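Student: Chains A and B, in that order, are what the protein sequence lines are. In case it helps, the numbering used here puts the first sequence at residues 5 to 192. In case it helps, the numbering used here puts the second sequence at residues 6 to 38.
No wet-lab data here; the hints were simulated from the structure. Computed from a predicted model, the values in this text were never measured in an experiment. Positions of the beta carbon are idealized from the N, C-alpha and C atoms, including for glycine. There is no bait here: all hints are sound.
Pairwise CB distance ranges (calculated): (1) B:Gly38 x A:Asp87: 33 to 43 angstroms; (2) A:Phe50 x B:Gly38: 18 to 28 angstroms; (3) A:Val38 x B:Arg36: 17 to 27 angstroms; (4) B:Ala24 x A:Pro36: 35 to 45 angstroms; (5) B:Arg36 x A:Glu121: 17 to 27 angstroms.
SDA-like mimics (lysine to any residue), calculated; alpha carbons at most 20 angstroms apart, straight line: (6) A:Lys85 x A:Gly143; (7) A:Lys85 x A:Asn49; (8) A:Lys167 x A:Thr151; (9) A:Lys171 x B:Ala24; (10) A:Lys167 x A:Pro152; (11) A:Lys45 x A:Glu102; (12) A:Lys85 x A:Pro104; (13) A:Lys171 x B:Pro26; (14) A:Lys85 x A:Pro60; (15) A:Lys167 x B:Pro26; (16) A:Lys171 x B:Thr25; (17) A:Lys45 x A:Arg32.
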Amino acid sequence: MFATVFEGATLLTPRGMLREGGGYAWFRNHGPGVADPSSLKDCVNFLESWTDVHVPSPDSNLWLCGYSNGAAAAGALLLSKPDRYRGAILISGPLVSERPWPVARLRGLPILMIYGEDDRVIPRHLLTESATYLAEASGAHASVLATPGGHDIAPSSLIATRKWFAKEVELSRPAALKSPRPWEIAPC
Amino acid sequence: MKIETPVGAQSPPAGEGTATPPVVVFFAWTRIG
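Construct all of the structure, not just a fragment, from the sequences and the given hints.
Tutor: Shown next as structure tokens:
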């Protein structure tokens with residue numbers, strides 16, 4: 005499903021290791037959108053080590069995307085080491101890291117947050133508080149999209165993600181690569 | 006949605022800044038079964 009969303013990118017899709025709530029999760033929850041702090045810490049430590057192995061360069065063009073519990077895991081990674089990433093897409097998942105979330109922690113980082121206006125799984129206030137932090141105090145270059153629908157990945161969310169990602173990747177490219185090369189400029 | 010690529014199934018080459026193709030790590034919540 006996501007292979008066509010992230011055009012030109014290498015897509016890694018690891019699966020969570022914990023069985024919870026009828027699925028494979030990344031960390032355990034005390035309730036919907038409320039992380040067990042110890043489990044979340046283990047998750048962040050594991051995924052940072054995993055990322056160091058599989059995307060080893062500190063200068064790599066690394067983006068995060070997550071859905072539901074996976075979006076919350078991605079948000080925790082962002083807040084842990086924001087300099088490691090070029091940007092992120094968080095779908096139907098709140099920030100679950102310990103509060104207060106640091107002011108300006110995500111300064112300049114492009115982040116797209118998408119959630120369903122009728123999400124019956126994640127408490128609405130957790131989603132809106134996360135969206136408010138991303139759009140304001142975090143300092144991120146955040147876009148928040150509330151879509152009609154529930155706790156799912158709607159086709160409209162995939163389209164929005166595809167457009168947003170293509171634009172942000174283009175913006176993050178070095179200027180030299182955006183300008184036409186000398187031999188590509190038509191003679192006058 | 007069913008995405009079940011095992012952890013570590015792919016290893017992209019080391020990057021060299023934003024001139025390199027992007028790598029996206031997607032974390033799903035995956036339903037069992």
